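Protein sequences, first through last, are from chains C and A. Residue 221 in my numbering sits at position 81 of the first sequence, with consecutive numbering throughout. Residue 233 in my numbering sits at position 180 of the second sequence, with consecutive numbering throughout.
The hints are simulated quantities; they were obtained by calculation from the structure and are not laboratory data. Some hints here could point you the wrong way.
If you want a taste of the chain C side facing chain A, the calculated C-beta under 8 angstroms gives, among others [claimed, not checked]: (1) 182; (2) 184; (3) 187; (4) 194; (5) 197; (6) 201; (7) 202; (8) 206; (9) 208; (10) 227; (11) 243; (12) 245; (13) 286; (14) 288; (15) 289.
Remember, predicted model here, so these are calculated numbers, not experimental data. For glycine and all other residues, C-beta sits at the position ideal for the given N, C-alpha and C.
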Amino acid sequence: MTTQEIVDSKEMKVIVFQLMDKEYAISIDVVTTIEKVLSITRVPNTPDYVKGVINLRGVVTPIVDLRQRFGLPEKEMDDNSRIIIVTTEEFDVGLVVDMANDVIDIREDSIEPQPEVVGTIESEFISGVAKVERRLLVMLNLEKVLQPIKRVSNDER
Amino acid sequence: MMDTNQYLDMFLDESKEHLQSCTEHLLELEQNPEDLAIVNEVFRSAHTLKGMSATMGYEDIADLTHKMENVLDAIRNEQIGVSTEILDVVFESVDHLEEMVMDIEEGGTGQKDVTTLVDTLNRLASGEELVAEPKTSAARPTQAAITPTASAGSVALDDFEKTVIEQSLEQNFNAYEITIELRDDCILKAARVFMLFEIFEQAGEVIKSSPHVEQLESEDFDTTFHVILLTEEAADALQGKAMKVSEVEQVTITAITRETLGASEEEEAAEKAPKQETVTPKAQKQAPVKKEDTPKKRRSTGGNSNKTIRVNIERLDVLMNLFEELVIDRGRLQSIASELHNQELNETVERMTRVSGDLQNIILNMRMIPVETVFNRFPKMVRQLARDLDKKVNLEIIGAETELDRTVIDEIGDPLVHLIRNALDHGIETPAERVAKGKSETGTITLRAYHSGNHVFIELEDDGAGVNRERVLGKAIERGIVTEEVAATLTDKQVAELILASGFSTAEAVTDVSGRGVGLDVVKSTIESLGGYISIDSKEGQGSLFQVQLPLTLSIISVMLVELDKEIYAIPLSSIIETAIIQSSDILNAHNQKVIDFRGNIVPLVDLKEIFEMEQNEEQGEFQSVVIVRKGEKLAGLVVDSFIGQQEIVLKSLGNYLQSVFAISGATILGNGQVALIVECNSLIK
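Just chain C, with the same shape it has in the complex (with noise of 0.2 angstroms):
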């Protein structure tokens, strides 16, 4: 579900959301819903980018706070950031992001591996870096932004 083939055109839709100044994609087929923020309930005991859970029509779905994945400096939730909810084979996880801008199609041999300087998160959560005329998408793996939370802390009790 990650990546997807698209025989001819050899595009791909991706959504496009912004973290701090960069704009980053993932692609459409993994997206779900993109929500506007709803009230969010405190898990305790998890890392701190793990914002808690939310009842999304009646599932019971955790909530990830991006900039704080991806140690980048906090923000409160405010009319613009988004929830933009993934299905993962295994799990259902939704990404709170500054805006979610647009959905655009972009051409995939125009993803090109991610360049030495691109920003300050971590490389491993990036799979690379598409052009699109004058914008910068930053692509995401989210196989490694989600990696399952297992006892984190505490275990000492």
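Guided by the hints, dock chain A onto chain C, whose structure is given.
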């Protein structure tokens, strides 16, 4: 195999149901051997199973069921009587069928070598007694190991068939190997075969043919075939009769004697052995012709079965989720209506509330299934165990119709098996001991299920030896579970409950049945993990009563909602003993652990705010709200800000992303749409 994958689930479900029904009716039959109506029920299940498995291409199952059917048919036509030996064989067949079905379920082929069993069934169907083998069930497995490739002459004979022949020789029957050669230009081979078999069947018993009778019927042979016949008739007369059939070229009859039986073994082992199979299906197919009363005994299908449909449990879960959405919206609608004061809106909302309440009951009930589905495997198990242990036990089941949520049903099977094994092994005494104690020879185990409040109780009562205080205490002290000083102060009930402690096993000698090192403590922990509770009452010499208390469902539970710094948490009522408001001055310090004196017990306090990484209030108030929870015998007090109230909630998982979070067992959605986390008390108590 044909493409039947889409039907596989249905096949598996239905096969299991039919096998279960076979087992139940067989047990019933054992109690009332005269009631041939029961045989009809078993026959019906077996027949359906045969049809289904043949359609699905599981020929071994179809074959074995077919043979079993022959026996059942013979019983209901009163050709053979019901005896424990016969039932043992049929039970074993059902066991094998179950194994095969399980194999298919696990992705296997459902194949299994059941040759010996098939032979036994054939023999039974033909009305022979199992005289020479009083302990058939014990003897059979070893035979199975050695027989598969044995062969004899033109017709392959396995040890079992040899035994059959030997036995009939002893009873002054003749055993013949008959070789029939049809004319080369024979047109109606199948018809000739049929006529010949008619003659043979009238004369005696065909125990084997080569090639197999089905191949013979489909003319899948050259011109010659062989038959092994047990008969009282002389060879000459038989040959004369056989030769009268048209298109028969030659009939050669060789007598099988004990010598040839023995001698044949080595020389024929080298020859190619046709797949051993027996000829009795033929006899079965002829049965309707011979016995006029058979057709009317064919069952009238259906009648008492309810009309049901199968629904995947996941669909019910989806339904449940959607319904919860509706409940949340209903709540919003109610609050809007109360603001608007519109008469018509109010009435509509009220109606909707009522309807959705009914809907909720129905949806919850759909997930409930009778505890019978767990209980129904016990009678057979008890029967078998009692035989293994040489004990006499009567199992009574009361309240099998009691309903429990599927989630619980799936989990309680194993603990109950363990308890029953324990009762049979350690509880019920041997018949001799029982008589010496002035009890009836047959012990009684009662399995009882009933609802009470929000719980289901399952009780297992036996009238066996009960818990021997001295022995249990001795062992507990030896194992270091209690100290001698403590031991003296324990009540009988407390002593009895020691056998649930981990590391405890009273069996002096380790037996097959229970006492395999994993003691009743496993039962206890399983039941506790389900939010249940187990207790024991025992009177020495009179028996024991194990009582298991379980929540009605694991998907909807009762909780106490508590507030912690504006956050709401749910604590399962099954863990809560009571709530209390204590004075801060009553909190004592022991080894850096805050404790309180709660009704004479020293109970450690757990600060939930600290556990849940919240900011501590600098100064605590004069009073503190405490929820006293338990894990087994141990208590703890959870300090919270305030109690909100008791509520029924729907248990939700946190999903696979948050795989395990300390002290949180799941989540639920509150009426206002917010998620509240459920506190797992077990991990808070050491």
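Inset, instruction - Could you work out which earlier hints the structure fails to respect and list their numbers in ascending sequence? - result: When the structure is compared with the hints, numbers 3, 8, 9, 10, 11, 12 turn out to be violated.
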